[in-house]
Structures are given as structure tokens and as C-alpha cells.
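There are 4 protein chains.
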Amino acid sequence: MDDYKEILRALQIELVKLQRHFIACEHRILVIVEGRDAAGKDGVIKRLVQHLSPRETRVVALGKPSARDEATWYFQRYVPYLPASGEFVIFNRSWYNRAGVERVMGFCSEEEYQRFFLMVAPFEQMLIDSGIQLRKYFLDIDKSEQQQRFLAREQDPLANWKISPIDREAQVNWANYSHARNEMLRRSHNDIAPWVIIRANNKKAARINLIKSLLSSLDYEGKDEALLKADSKIIQRYKPEMRDTGFLAD
Amino acid sequence: MDDYKEILRALQIELVKLQRHFIACEHRILVIVEGRDAAGKDGVIKRLVQHLSPRETRVVALGKPSARDEATWYFQRYVPYLPASGEFVIFNRSWYNRAGVERVMGFCSEEEYQRFFLMVAPFEQMLIDSGIQLRKYFLDIDKSEQQQRFLAREQDPLANWKISPIDREAQVNWANYSHARNEMLRRSHNDIAPWVIIRANNKKAARINLIKSLLSSLDYEGKDEALLKADSKIIQRYKPEMRDTGFLAD
Amino acid sequence: MDDYKEILRALQIELVKLQRHFIACEHRILVIVEGRDAAGKDGVIKRLVQHLSPRETRVVALGKPSARDEATWYFQRYVPYLPASGEFVIFNRSWYNRAGVERVMGFCSEEEYQRFFLMVAPFEQMLIDSGIQLRKYFLDIDKSEQQQRFLAREQDPLANWKISPIDREAQVNWANYSHARNEMLRRSHNDIAPWVIIRANNKKAARINLIKSLLSSLDYEGKDEALLKADSKIIQRYKPEMRDTGFLAD
Amino acid sequence: MDDYKEILRALQIELVKLQRHFIACEHRILVIVEGRDAAGKDGVIKRLVQHLSPRETRVVALGKPSARDEATWYFQRYVPYLPASGEFVIFNRSWYNRAGVERVMGFCSEEEYQRFFLMVAPFEQMLIDSGIQLRKYFLDIDKSEQQQRFLAREQDPLANWKISPIDREAQVNWANYSHARNEMLRRSHNDIAPWVIIRANNKKAARINLIKSLLSSLDYEGKDEALLKADSKIIQRYKPEMRDTGFLAD
Ligand SMILES: Nc1ncnc2c1ncn2[C@@H]1O[C@H](COP(=O)(O)OP(=O)(O)O)[C@@H](O)[C@H]1O
Ligand SMILES: Nc1ncnc2c1ncn2[C@@H]1O[C@H](COP(=O)(O)OP(=O)(O)O)[C@@H](O)[C@H]1O
Ligand SMILES: Nc1ncnc2c1ncn2[C@@H]1O[C@H](COP(=O)(O)OP(=O)(O)O)[C@@H](O)[C@H]1O
Ligand SMILES: Nc1ncnc2c1ncn2[C@@H]1O[C@H](COP(=O)(O)O)[C@@H](O)[C@H]1O
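Chains as they are written, first to last, in numbering that gives the first Met the number 0: chain A, 0 to 249; chain X, 0 to 249; chain V, 0 to 249; chain S, 0 to 249.
Please note that a few of the clues may not be correct.
With a straight-line cut-off of 27 angstroms between C-alpha atoms, the simulated DSSO-like cross-links for lysine-lysine are [what the hints assert, rightly or not]:
hint : chain 1 : residue 1 : chain 2 : residue 2
1    : V       : K161      : X       : K16
2    : X       : K202      : V       : K45
3    : A       : K203      : S       : K45
4    : A       : K161      : S       : K142
5    : X       : K161      : V       : K16
6    : A       : K45       : S       : K45
7    : A       : K45       : S       : K203
8    : S       : K238      : A       : K161
9    : A       : K45       : S       : K202
10   : A       : K45       : S       : K4
11   : A       : K232      : A       : K45
12   : X       : K203      : X       : K161
13   : V       : K238      : X       : K45
14   : X       : K45       : V       : K16
15   : X       : K4        : V       : K222
16   : X       : K45       : V       : K203
17   : X       : K45       : V       : K63
18   : X       : K222      : X       : K232
19   : S       : K45       : A       : K202
20   : V       : K63       : X       : K161
21   : S       : K4        : S       : K238
22   : V       : K4        : X       : K161
23   : X       : K4        : V       : K4
In short, the hints are calculated from the structure, not lab data.
Next up, chain A with everything else stripped away, as it sits in the complex (with noise of 0.2 angstroms):
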């Protein structure tokens, strides 16, 4: 625990380098961190920001579409927050909504869904084309681990308002959301913006691993790269295989 301490606090000082030298060299990053409810997300990015500009930070977790939303290019919404000159924006789920609690929930029709498999590929590549570094992170976790974090969650008087209807749902369509992670992997993962993978039972590892994978992926300055070393148990770029190795929880 201690040693989490110490490790995390080395880690975002590497953060602040690389902000440093992204703000000077005026370089876009683009993070998405994607993976089930109760999975970590929030508290992953809680850690990679907490010691960031703000001025050129920015968390985006946007809630569901307007009707205006829903009556444009699915992904217009999106668009105005992505990272200008300098900027670290990070995605707190993303477009991949669609291929998601959206596919699970019903919540489009399978022509949009289908739709957003032919269009998310392009329009990632655009960005990337444009300057933006981009980087896709999935955390999975075991449909156990899941029901545990609710049932903490639950107890807890700070945490309990935390727990929406489609929360309370995901344990029954735990198989739904697995069949459609996978689908979002096979259709959505290429050499351009591929996915990496984190086995987030462990949240301080989960944490450690994701910010050291996104670290020794970018170039900057007075970088520590033996700091660096994640692990492989944790953290993987995806492979098709990783569904029946179980990387990927049932």
C-alpha cells in the first residue's frame, strides 16, 4: 500500500513531465477509458488528473444525448471537446457508447449500431490524421468483482445515490455486455487505434498499469523509463485470442 503510494506519486510526476512537454510542443492527446460499470473508470482518471493543469486538462463524461443529439451525426456530440493545441482531454466512456450500454440497452436500433462500426474506424483515423494522439483503454473486471463493488456501493451512504437504473441492471446482462464487449473489440481494434486491454480486479493495479502503459507510449521529455515496466498479467494491447485465454472475463 505504501509501496501504491510511493509508485502512483512517481508515476504523475512522469504525468507533469509529459504534460509539461505536450503543453510546450503543442501536441493533442486524446484518452478513452472504457469497460463495464463499476469498473474503475472514475477512479483511474481521478489519478492520472489529479495533479494536472487544469487549464489544459479535461475530463469529458457526457451524459445521455440530448433529443437535439439524437437528431444529428452521431458523433457531433462529441466533437466540440476534443483536445485542441496543448490539451489532455480524457473520455470518461465515449462513442462506444453505441456498441455498448446503447446495443445492450436497446437504447438504438441495430441499423445505428451496424452504422457505427463502418463509420467509427474513419472517423478515428481523421482525428489521428489531424494530430491527435489517441489512446483506448478497456478495463474489465469479473461479473463477481462487479456484483461485490454494488454491493459495497450500496452500504456505503456517500456512494449509494451513486447507482442508476442501468447499473442495477448489469449484473442480469452481464452476458449481454461480455457478447458485446467482444464484438466492439473484433470490429473496432486496428493497428491505428487499437485497444488495450486491463484486468481491473485490482483497481491500484488496474491504476498503476494503465497510466504506466499510456507513459511509456508517448515521447517526452526526461522520461523515466524505468518506471515505466507494466505488467503483462495486467495490461495487454488486444488480441482475438484473449477471449478464451480468459484476459477477458466470461
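Let chain A serve as the given structure and place chains X, V and S with the ligands on it in line with the hints.
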């Protein structure tokens, strides 16, 4: 002249029908109007929207990009103005500025210019795939016609303030603009998002024929086809030969 | 008629001078145009802005308040549209909706209505103290004139779609609107933000006189005073007696 | 220390109750947190919002005014962030910048400064009349405490980038800031929108007492009064005598 007014009125009634149909069907339309300074963009747009419902109609004429705009994805500042369901949006100038005024005046780098041509086709494809009906019109006038219009403006106390520094150089840069136009048409015309060229020396003919062309290219209830025969001496889909036949001004 | 065109043109040249002066001095102007349905608000505003610089001119016609608007400070949704330095802003309808259509149609509560009158004077005072030049015009027509205009609209295929359900009840609610207007004028007229009333049965006279009044109330370079004598049978500063003298329609 | 954690946790449970009540009743709350650099504004705000619902909670820390902001009504840029029904908004610094940093650093003119004091009371009155519950807190630290905090920041690699040029002059300008604070409190404290002062040399005591004061000043269901006794050595409503009693630092 009375003839013009009558025809225009009849076409505007068609536009009202078109809009009513599009609102009911939740269709979306985006019309791009391009052309040199003084080509008559404002005039034709005024007639297009004159009797349409303001709530569902939007004319977008963005000023020069802000510092923040320049720090983002080139297309980003246009995205919030794209049509939602039922909306009729007209861009008075557009992302094609990069291939025209920005190229000629040196407002963008060679690399940005080249990148624009790589990205514009996939970008437009994406909008079309998302259900937007895109129409691209280029108003083309002769060098002497432009000069005359500038002179008329200068003498008109209600118009002379409109003359911008960029306008003042339009005649001097005539050949550069012709060249930029040729490149733009050659590299951004395709079957999915074709350019339509309008000989615009005669303002009234240009207006009438653009509206006819737009109406006949779209489906709507109660369409009066007899009204919509455009004059091929005035308006034609872009063809590479146009430069040689004189349909495009030198 | 030719007379009208000539005078209008001369006044529009004055408006261009006014704007040029205001842009140079970084002054700010806000014109509120109120009046019943079909009183001619759109028409006069069109002539006001016809030859002004679009970049520094803004016509604001807000739709009905959104759910979020209704959850905020009543004036909040208008604030982003207030003029910045050098800007000329015209509100086509305004916060006075609360004292007019919202009152008559029952879109606000009695309490909200009363609160509006408590707040409108300090709010306008604040804007004026901050350097905004505020002008408030009320276009007043007779009941029969309104009816005729509605009939004309219904027969015009280019205008009939504009007739809203609220318009349709305007004749039935005539007396209620008269009463609401009287209350509004009585309770929101003061020396700092006075109302100016325009007899608007004659559209051309209304337009000419509103523009004259506006111009003569503001200082600008090169002002041609001779042009600006308004007709006191058409336009007058609000006075309580107006209801009795028939200057305000019953 | 464990004590602190326990009390804080208990108070945060109260904050959750408060928010639930406010959401249900559609109440609106605006908390202004002011104080010199390093007074601990960020820290207390972090504890306030830690467990609140992000959708209904907003922390607003505006950067320096843009050129456009400076061309508008001084309060204008704050208005879009005011709370809607059910929202809990915290301003980390606020319009009082004009009376503090802008005054001391010379970012506004004498006339703007004086005008601010004329306008701030009616402006706040208006917000309160519109149903916003406004609370204004001023965190006050000693000169030596500020210096120590700056030194600690400089030595911390996770914090040193946060030190702005304005911070660097805070010690030099100490007396000017004290004077500006005194003027601000004297001229903007009133019964409708009173200031509450917090001795903030001890961070934990400051946080605990601010939260207690806020909670006890608002009505909500299930309030645990026993928890909310604030310490009058730490927190008091502003009184002119405070400057002499040493409650406000010299
Ligand atoms: N520095 C610049 N960088 C990019 N585009 C610019 C720049 N300055 C002007 N433009 C664009 O050039 C176009 C022509 O400008 P101008 O002749 O002033 O306006 P208009 O023809 O629309 O009245 C406009 O679309 C404007 O946005
Ligand atoms: N439910 C509502 N609540 C408040 N205002 C409304 C409501 N419905 C319409 N209005 C307002 O009433 C005014 C008149 O409506 P309408 O006649 O439809 O529009 P217009 O006269 O602007 O064409 C508009 O300013 C509109 O915003
Ligand atoms: N030129 C300026 N004009 C007005 N306000 C300014 C200006 N520069 C900075 N400020 C304001 O001064 C305050 C203090 O600035 P700074 O110490 O840099 O930020 P912070 O204390 O919020 O980290 C901020 O609210 C900022 O908006
Ligand atoms: N009706 C809906 N349509 C689309 N997305 C939704 C809808 N309702 C909720 N969501 C999304 O589902 C995700 C999980 O919701 P929640 O658990 O309520 O935070 C969020 O990203 C929501 O934006």
C-alpha cells in the same frame, strides 16, 4: 424582370414545400455555396432562405478562425453547425476556404493544404453516411465582371464598407484564385459529393438556376417538375473539360 | 412609394454611419422591438439591418424557453446575446414576453409575472450602467389591421406556414393582450429605460419613423439631422394618457 | 487526524442529504469561495464536492477574461454558470476578482473598480430574488502561512508548476491585498448577501467549519444539527470590527 420575379416566386413556393416535407421526414440538408468574392453568394442565399422557416433554417458564415480554432482539428469549428433532423443549413463559404482564400493568401501551410485534400472526401462521406444530403455549388464569374461589381460597390454608400482587404486583392490574385479553384474542383469532386458549377455573370440567371438544380436534386411531396428545368448554359455538374470549354472563367 | 424607397435609403446610409461610429468608439447598442403578432416587427428589423455589417450586428429571436431555461434565472437566457463593444443587437421580442404572450397564454404563474416587474427595472438599469445604450420600441396596430394581415398571410403560399397556434388566438385574445400591454407599459416605463410607441397600421410610416427615432436618439459622426424629424402622429414616447387619446389601440 | 476524517465523512453524508433534498425541491445554490492565493480554496472545494452527484454539481473557476469578455457587461461571463433548479454551483473565485486581484494587479481601471461596487449588490439581490441561495465565504490566512505554503509548493514536483506569476507577487503585494480585501468586505457585505470569514491557517479546521456553516445555513431533510456546531474562533459572519480584533490578518 417581371418574369424573374414570377419565376423566383414560384421556386420559393417549391422551397417552402421542400422544407415542409423535410421537416416532416426529419431529413437534413447541407448546401455549400462557394465562389470568389463578389460572385453573388450572399444574393443567392438570401433568395433561398427568404421565405423559409427561421427555426429550421440556418445560414452559416464563419469569420476567420480564432486562435483556438487553429489549435484544433480543421473541420471542428464547422461541426456544431451541421444540420439536425429537419434542418436546412447553408454554408456561405465553408471548409473549402482552405483550398481557396487560405491557399492564395498564404493563411495555411503547404502541408495543411495537402492534408485538407486527403481529409475532405472521407469527412464528407461520413456526413453523407450519417444521413445528411450534401450539395456543393460553385459560382463562377469573369474577371471583368468581378471588377465591375467591386467598382459598383465602391460607389454605393450602402455597400462600400463591405469591401475587405482580401477583396481588394482579388483582382491582383485572379490567376492564383483560378488555379486554386481548378485544383479544388479536380481534387474534391467525386460521385458521392459532386460539385455543381454555375456561370454567375448574370445574377438572376444564376439564382434561378441554382434553386432549380437544388430542388430537382431532392425528393419532396408536391414537386412541380415542370418548373425545375435548369439551363445547361448556366449550370452543370463539374467535368474536367470545363476549363477548356470556357465554362470556367480563366 | 418611390418616396419611401428614397427616404429609407437615406436613413440606411445614416445607419451605416452610425454603425461605423459605434464600432470605432466601441459603443454598444441594444434595441428591443415589441408588439403583437403581425405588428410588423420582422419587417422593420429587416430594414434596420439590411446594410449593416453582419459581424457587428445581431438579430436575436429566441424560441420558447427550454426546460433548462425554465429552471434558471428568467433573464439568463438573454444575457449571452447582449452586445459587446461595437455591436448592434436587436431583440425581436425579448424578456417582455413574460408581460405579454406568457401572461395572456398562461405560460407563467401569477407570481412569476409579478416578480418580473420587480426585476426588470433593476436589470435594465444594470445593463445601462454597464454602458449599453438601450432603446425599447412597441409597435401598435388596430384589431382590424391585425385581422387583415392574418388573412393576407393565410392566402399567401410563401407566408401561411408562418401562422402559429399562438397567432391564431391573437384576435380572440385581443382585449387580454391590450390589457397586458397597458400593464407592461405602465410598470416598465421609466426615464432611464423609456418605451417609445409606434402607430404601426401603416408599415412604411412605422419603419421610417422608428429608424428616424433611433438615429436621432444616438450620437454619431456625420449625422444628417434634417433627415431625422419623426412624425409625432406616428411615434411618441410613452405617456399614460395614450390609452385615452387613442394613440394606443383598444 | 482520524478525528478529522471521521468528522469530514459525517459532514459529507450531510452534504449528500442536502443535495438530494435540493434536487427533489428544485432549489438552487451558489457558493462563492474567495481568499488570497494559497488560502486553501481548492482544498475545501474538493471536500465539498467529493461525493456529490457530478450532474447536479459544478465547480466554476474561470480563467482570465477573454478580449470578448472584456468588451461585455462585467458579470456577463459568469451568468451562463449560475445554478439551474436542483444544481449546486461553487465559484472558485468569482466576480469579486475585480475587487481583489484586478484591483491590486491593475487589471481594471479605477472607474471599473468603483462601478463594480455600485453594481454588485443589485446584481446579487437579483439572483437571490430569482430564487438562488447565495453563500459567500472568504478564507483568510496570515502572511507567514502564505509564505510557507508557497515554499512547500515550490519543493513539491507535483505542485510547483501551479505557481503563477501572480502568486509570486502575492507576498510583495500583501498589504495591498489586505487593503483590497477590507474594502471589498466593507462595501459588499449586507444582510441579503453577507460575507462569512474563515480563519484558514489550519486547513482542516477551515474545511470542517466552512462545511458546517454552509449546512447549518440551509434547510434540508434529515439534518443532523448536532454535527453542525461551528467554531466561532474559526468562522464568523463579517463585522467591521474584525480588522481590529485580528480576526482578519493584517
Ligand atoms: N487569417 C485568416 N486565416 C484564415 N481565413 C481567413 C483569414 N482572414 C480571412 N479569412 C477568411 O477569408 C474569407 C474571405 O474574407 P473576407 O473577404 O474578409 O470576407 P467575406 O468575403 O466573407 O466578406 C472569409 O471566409 C474569412 O473567414
Ligand atoms: N410555452 C411557452 N412558454 C413561453 N413562451 C412561449 C411558449 N410558447 C411560445 N412562446 C413564445 O411566444 C412567442 C410567440 O410565439 P409564436 O407566435 O409561435 O412566434 P413568433 O411570433 O415569434 O413567430 C415567442 O416569442 C415564443 O418564444
Ligand atoms: N489580465 C487579467 N485580467 C483579469 N484577471 C486576471 C488577469 N490575469 C489573471 N487574472 C485572474 O487572476 C486570478 C489569479 O490568477 P492566478 O494566480 O494565475 O490563478 P489561480 O489563483 O486561479 O491559480 C485568476 O482568477 C485569473 O483569472
Ligand atoms: N436513453 C439513453 N440513450 C443513450 N445512452 C444512454 C441513455 N441512458 C443512459 N445512457 C448512457 O449510458 C451510460 C450509463 O448510464 P448511467 O449508469 O446512468 O450513468 C451513460 O454514458 C449514459 O450517457
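Consistency of the hints with the structure:
Note on K161 (chain V) and K16 (chain X): the hinted pairing holds, with a Cα-Cα distance of about 13 angstroms set against a maximum of 27 angstroms. Proximity of K202 (chain X) to K45 (chain V) is assessed by CA-CA distance (about 22 angstroms); at most 27 angstroms being required, the pair is judged to hold. Pair hint K203 (chain A) plus K45 (chain S) holds up; C-alpha atoms about 22 angstroms apart against a cutoff of 27 angstroms. Of the supplied pair hints, the one linking K161 (chain A) and K142 (chain S) is violated, its CA atoms being roughly 41 angstroms apart against a limit of 27 angstroms.
At roughly 13 angstroms between alpha-carbon atoms, K161 (chain X) and K16 (chain V) fall within 27 angstroms of each other, so this suggested pair holds. Pair hint K45 (chain A) plus K45 (chain S) holds up; C-alpha atoms about 12 angstroms apart against a cutoff of 27 angstroms. With a CA separation close to 22 angstroms, the supplied pair K45 (chain A) and K203 (chain S) stays within the 27 angstroms bound. A C-alpha spacing of about 41 angstroms is found between K238 (chain S) and K161 (chain A), which places the hinted pair above 27 angstroms, so the restraint is violated.
A threshold of 27 angstroms between alpha carbons decides the hint, and for K45 (chain A) with K202 (chain S) the separation of about 22 angstroms falls inside it, so the pair holds. This hinted pair checks out: K45 (chain A) and K4 (chain S) have alpha carbons roughly 20 angstroms apart, not beyond 27 angstroms. Simply put, K232 (chain A) and K45 (chain A) have alpha-carbon atoms about 23 angstroms apart, close enough for the 27 angstroms limit, and the pair holds. Among the hinted pairs, K203 (chain X) with K161 (chain X) is consistent with the structure: their alpha-carbon atoms are about 21 angstroms apart, no more than 27 angstroms.
Pair hint K238 (chain V) plus K45 (chain X) does not hold up; C-alpha atoms about 40 angstroms apart against a cutoff of 27 angstroms. Of the pairs offered as hints, the one joining K45 (chain X) and K16 (chain V) holds, with about 24 angstroms between alpha carbons and a cut-off of 27 angstroms not exceeded. Straight-line distance between C-alpha atoms of K4 (chain X) and K222 (chain V) comes to about 36 angstroms, which puts the hinted pair past the 27 angstroms bound. With a CA separation close to 22 angstroms, the supplied pair K45 (chain X) and K203 (chain V) stays within the 27 angstroms bound.
For the proposed pair K45 (chain X) and K63 (chain V), the alpha carbon gap of about 25 angstroms is at most 27 angstroms, so the pair holds. The hinted pair formed by K222 (chain X) and K232 (chain X) meets the criterion: a straight-line CA distance of about 24 angstroms does not exceed 27 angstroms. Between K45 (chain S) and K202 (chain A) the alpha-carbon distance is near 22 angstroms, which keeps this suggested pair within the 27 angstroms criterion. A C-alpha spacing of about 34 angstroms is found between K63 (chain V) and K161 (chain X), which places the hinted pair above 27 angstroms, so the restraint is violated.
Between K4 (chain S) and K238 (chain S), the direct Cα distance comes to roughly 31 angstroms. Violation of the 27 angstroms bound is thereby established for this hinted pair. Distance hint between K4 (chain V) and K161 (chain X) is fulfilled; the C-alpha atoms sit about 21 angstroms from each other, no more than 27 angstroms. Annotation: proposed proximity of K4 (chain X) to K4 (chain V) holds, straight-line Cα distance about 19 angstroms (limit 27 angstroms).
The structure fails to meet hints 4, 8, 13, 15, 20, 21 from the earlier list, while all remaining hints are met.
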